[in-house]
Amino acid sequence: TEACMERYRSDLARVIDERRRALAGGEAPAERYLLPGARDLLEGLRSLQQQYPIIGDVRGHGLFLGFELVKNRESLAPATAPASYLANRMREKGVLMSTDGPYDNVLKIKPPMCVGKAQVDFLIETLHQVLQEDILRVD
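When we follow our numbering, the leftmost residue of the sequence shown carries the number 12, and every step to the right adds one.
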């Protein structure tokens with residue numbers, strides 16, 4: 012929609028301006044230049060990682076993000092079946108994500124570039140709810 016594109020243009024212009032100023036005075040961490048939706052999503056996923064041991068890693072660039080499900084954070088044994096379950100439960104609740112990786116235990120999230128805080132909050136809250144289900148609990 013037009014409002015979505017206008018918000019994207021405004022955010023993009025702000026990020027480009029910040030990047031130019033940073034380059035003039037030295038480099039800063041890349042996360043500083045994320046669009047607000049990407050920043051909120053990354054922070055939300057990292058917060059969930061602290062709460063749920065099944066989330067072994069959160070990674071990605073911009074809005075192409077993913078998180079890895081593991082049976083144990085020390086052994087990093089892939090949690091393939093729980094990843095498939097999680098992707099299907101999220102779809103049932105209105106959030107599309109897919110599994111990927113050599114063990115199909117990485118969940119990919121690819122929201123639109125104009126994703127806003129409300130959509131990110133919905134995704135994180137829904138993910139929080141599903142991660143509480145018994146099948147996704149690890150010790």
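It is possible that part of the hints are untrue.
[What the hints assert, rightly or not] Mimicking DSSO-like on lysine-lysine, the simulated pairs with C-alpha atoms at most 30 Å apart in a straight line are:
1. 119 with 82
2. 82 with 104
3. 104 with 121
4. 128 with 104
5. 104 with 119
6. 121 with 82
[Claimed, not checked] Computed Cβ-Cβ distance ranges for the label pairs, DEER-style:
7. 24 with 84: 19 to 27 Å
8. 13 with 114: 18 to 26 Å
9. 54 with 105: 18 to 26 Å
In case anyone wonders, no lab produced these hints; they're calculated from the structure. Glycine included, each C-beta is placed from N, C-alpha and C at the ideal position.
Cross-check of the supplied hints:
no., hint, result
1, 119 with 82, "holds, 18 Å"
2, 82 with 104, "holds, 24 Å"
3, 104 with 121, "holds, 16 Å"
4, 128 with 104, "holds, 18 Å"
5, 104 with 119, "holds, 16 Å"
6, 121 with 82, "holds, 24 Å"
7, 24 with 84: 19 to 27 Å, "violated, 40 Å"
8, 13 with 114: 18 to 26 Å, "violated, 42 Å"
9, 54 with 105: 18 to 26 Å, "holds, 21 Å"
The structure fails to meet hints 7, 8 from the earlier list, while all remaining hints are met.
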